[in-house]
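Undergrad: Position one of the sequence shown corresponds to residue 297 (our numbering), numbered consecutively onward.
Warning: the hint list may mix true and false statements.
[What the hints assert, rightly or not] The list that follows gives simulated cross-link-like pairs (lysine-lysine, DSS-like), each with its CA atoms no further than 30 Å apart:
no.: 1; residue 1: K492; residue 2: K583
no.: 2; residue 1: K657; residue 2: K492
no.: 3; residue 1: K656; residue 2: K583
no.: 4; residue 1: K421; residue 2: K397
no.: 5; residue 1: K421; residue 2: K583
no.: 6; residue 1: K492; residue 2: K393
no.: 7; residue 1: K421; residue 2: K492
no.: 8; residue 1: K492; residue 2: K397
no.: 9; residue 1: K578; residue 2: K492
no.: 10; residue 1: K393; residue 2: K421
FYI, nobody ran anything at the bench for these hints, they're computed from the structure.
On a predicted model such as this, the values are computed, not experimentally measured, just so you know.
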Amino acid sequence: MLRALPKYSITLIILFIVWLGAWQVPVQGQVLPLEQKNTITGNWLVQRGDGAQLMPYVANQHANYNALHQWVPITQAQPFNIAFAAPQDLCLFLNNKLIFKADSAANYTLNLTAFSSDIDPVEGKYLLTVWHPAAQPNISTFRNVPLVAGSKQEAGQRPFSVQVREYVNQNAFIMFMLLIGLIYGLLRVSYPADFKSQFDLNRFLRSNPQEDMYAVGKPIGAASNMLFVLAFSLSLALLIAAIHTNVQHVRLFNRLFPVSEADITTKILFYTLLIFSIVLLKYVFLKVMSFVFSLESLVQVQYREFLRSLLFMGLFLPLVMLLYLSLNMMMPEAILLISSLAVSLVLVITILRVFYTVNKKASVINLHLFSYLCATEVIPLAIMLELIVFNF
């Protein structure tokens, strides 16, 4: 009989996650090079409805203002690059002149210097206005882009572009790696039989649908199952965040939860929750599809092999994250390729093993069964690869 997980262990994990979330709250301040004169601040203003007077913006009191303003000095001798997350139709004005409109929800960089040359300043400053027709702009995403020594803006370069990748603070990755190690350690101590069975290489290589596979006789909601899936979800979420470093390329998430680029913790937690839900809901999805195709007898074998293969392959994802943390600054393109291949292999090998296991029970050459597997495995695989690997 499986031993119950000690109460103090579950409490320890919960407290660790809560502390991690509080510790990783993004800080608004930025350390910029001393020679960088063009900077944006957090001193935003709103315009009173009864006149032209500008007053300091207070978040709780001025939530109904769709236009926020800031006086900024712009030195023509250097670029004034700012980065921000923009929902669709967000507009930026400089001295009431339109300089930018977001055609889609994404992250952008904008060089204000490129637009200030033909605009007259007011007492040496320019009025930057951020406006959206439907809601108050999320000004917490606006930040300076530090100047890089020796960098020059090429002629004809677009004044703003979608940011694809940027280097982020790795503290969040390190803390989540420690959390993954803690979860695996608790599983090793509290569920040694399950841990050994799950990560037994010989059993993994000798797949047999008639064998006593992982989670046989155990409910899906068992504590050990949930911890195994949680550890895998965190591992894959870290790797996806490392590949993207920009959750706002997922436009649905950007529309629902607009976050700043620096909020890497929010990205990881979002991916973790999404992966965790997908793994568990896969069983419900198989139940529905097997009923449609009249193949209910395959659900248990198919889902068990899916779960066992996924969790076994997921054990190696933290090793890829260690490569990312240690070598990403020196060889980012190579590490990006390795990370993408790792995610692809986990998904592809899992699906191939599902096909192999199901084929032992019923031949996949049968067109009806092959169509069922394509609907439940191949099509979801193609969607996940498109969203995860080919979307950065």
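Undergrad: Each hint needs a verdict: does it hold in this structure or not?
TA: Consistency of the hints with the structure:
1. In summary, the hint linking K492 to K583 is supported, as the alpha carbons are separated by about 29 Å, within the 30 Å threshold.
2. About 26 Å separates the Cα atoms of K657 and K492, which keeps this hinted pair within 30 Å; it holds.
3. Distance hint between K656 and K583 is fulfilled; the C-alpha atoms sit about 20 Å from each other, no more than 30 Å.
4. With a C-alpha separation of about 22 Å, the suggested pair K421 and K397 falls inside the 30 Å cut-off, and the hint holds.
5. Under the criterion of a C-alpha separation no larger than 30 Å, the hint pairing K421 with K583 is inconsistent with the structure, at around 64 Å.
6. Taking the CA atoms of K492 and K393, the gap is about 66 Å. The hint is violated against a cut of 30 Å.
7. At roughly 67 Å between alpha-carbon atoms, K421 and K492 are farther apart than 30 Å, so this suggested pair is violated.
8. Between K492 and K397 the CA atoms are separated by roughly 56 Å; this puts the pair beyond 30 Å, and the hint is violated.
9. Distance check on the hinted pair: K578 and K492 sit about 24 Å apart at the alpha-carbon level, within 30 Å; holds.
10. Restraint check for K393 and K421: the C-alpha separation of about 14 Å stays at or below 30 Å, so the hint holds.
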